[in-house]
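2 protein chains.
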Amino acid sequence: MLYLVPSPIGNLADITYRAVEVLKQVDLILAEDTRTTGVLLNKYQIQKPISPYHQHNEHKVVHHLVEQLGNGKRIALLTDAGPEDLCERNE
Amino acid sequence: MLYLVPSPIGNLADITYRAVEVLKQVDLILAEDTRTTGVLLNKYQIQKPISPYHQHNEHKVVHHLVEQLGNGKRIALLTDAGPEDLCERNE
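Chain order of the listed sequences is A and B. In terms of this note's numbering, the first sequence has 78 at position 76, counting the first letter as 1, and numbering is strictly consecutive. In terms of this note's numbering, the second sequence has 85 at position 83, counting the first letter as 1, and numbering is strictly consecutive.
Isolated chain A, as found in the complex (with noise of 0.2 Å):
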C-alpha cells in the first residue's frame, strides 16, 4: 500500500492526526528531504525508516519501490518540499 501523505508548510502542527497515523503504521517513508522530513518525524516521536526520493533519484529506486509494495510493504510518499518545488517550476 501506497499513502501520499502532504506535510505542513510553515507550521508543524499544520499537519491532519490522521497523516500521523498512517506515518506511525507504515514500513517505510519517503522523502523528498530527509532532514526537513527528520524534524517532523521527530516532533511527532516517529522512529521509521527514511530513503530519499525525489526527481534526482526516482527513476533510479522506483522498480524497488514497486517491487516492496508488491509483496506487501506499507510506503508513505511524504511531501515536504511546497516552495522548492514551486520555484523549481517557474525556471
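List time: in silico SDA-like cross-link candidates among lysine to any residue, alpha-carbon distance up to 20 Å:
id: 1; chain 1: A; residue 1: K45; chain 2: B; residue 2: D16
id: 2; chain 1: B; residue 1: K26; chain 2: A; residue 2: A15
id: 3; chain 1: A; residue 1: K26; chain 2: A; residue 2: K45
id: 4; chain 1: B; residue 1: K26; chain 2: A; residue 2: L14
id: 5; chain 1: A; residue 1: K26; chain 2: B; residue 2: Y19
id: 6; chain 1: B; residue 1: K45; chain 2: A; residue 2: D16
id: 7; chain 1: A; residue 1: K45; chain 2: A; residue 2: P8
id: 8; chain 1: A; residue 1: K75; chain 2: A; residue 2: V63
id: 9; chain 1: B; residue 1: K45; chain 2: A; residue 2: V24
id: 10; chain 1: A; residue 1: K26; chain 2: B; residue 2: A15
id: 11; chain 1: A; residue 1: K45; chain 2: B; residue 2: V24
id: 12; chain 1: A; residue 1: K26; chain 2: B; residue 2: L14
id: 13; chain 1: A; residue 1: K26; chain 2: B; residue 2: R20
id: 14; chain 1: B; residue 1: K75; chain 2: B; residue 2: I52
id: 15; chain 1: A; residue 1: K45; chain 2: B; residue 2: E23
id: 16; chain 1: A; residue 1: K45; chain 2: B; residue 2: R20
id: 17; chain 1: A; residue 1: K45; chain 2: B; residue 2: V22
id: 18; chain 1: B; residue 1: K45; chain 2: A; residue 2: Y19
id: 19; chain 1: B; residue 1: K26; chain 2: A; residue 2: N13
id: 20; chain 1: B; residue 1: K75; chain 2: B; residue 2: V64
id: 21; chain 1: B; residue 1: K45; chain 2: A; residue 2: R20
id: 22; chain 1: A; residue 1: K26; chain 2: B; residue 2: Y46
id: 23; chain 1: A; residue 1: K45; chain 2: A; residue 2: P10
id: 24; chain 1: A; residue 1: K45; chain 2: B; residue 2: A15
id: 25; chain 1: B; residue 1: K45; chain 2: A; residue 2: E23
id: 26; chain 1: B; residue 1: K45; chain 2: A; residue 2: V22
id: 27; chain 1: A; residue 1: K26; chain 2: B; residue 2: N13
id: 28; chain 1: A; residue 1: K26; chain 2: A; residue 2: G40
id: 29; chain 1: B; residue 1: K26; chain 2: A; residue 2: Y46
id: 30; chain 1: B; residue 1: K26; chain 2: A; residue 2: Y19
id: 31; chain 1: A; residue 1: K26; chain 2: A; residue 2: L6
id: 32; chain 1: B; residue 1: K26; chain 2: A; residue 2: D16
id: 33; chain 1: A; residue 1: K50; chain 2: A; residue 2: V68
id: 34; chain 1: A; residue 1: K45; chain 2: B; residue 2: Y19
id: 35; chain 1: A; residue 1: K26; chain 2: B; residue 2: D16
id: 36; chain 1: B; residue 1: K26; chain 2: A; residue 2: R20
id: 37; chain 1: B; residue 1: K45; chain 2: A; residue 2: A15
Calculated directly from the structure, the hints in this document are not laboratory data.
Given chain A's structure and the hints, the job is docking chain B onto it.
Relative to chain A, chain B alone:
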C-alpha cells in the same frame, strides 16, 4: 481574537494538530451544528462552551460576539457543515 477553524469532513482524524490546539485554548466555540461539533470535541477531549452560529441566528448574536472579542475573549468559529452549505448555495 477570532479563529476560523475548518473541521474535518468524513473522517474525524482529518483535522490538524494546530486546529485542535486552538480549540483547546479558546473561551468559546461557535458551531454551525452543535451536535456534530460535540462528536468532534468529544473525540479530542475538548470541553469548552459551544454556541450555535449559523445563517439563521448570526444577525441576532453577532453584536454580542463582537463585544466579547473586544473584551479580549478568544472565540473559534468551527465550520462543520460543508455538504449542507453546498446544498444551500445551490438553492
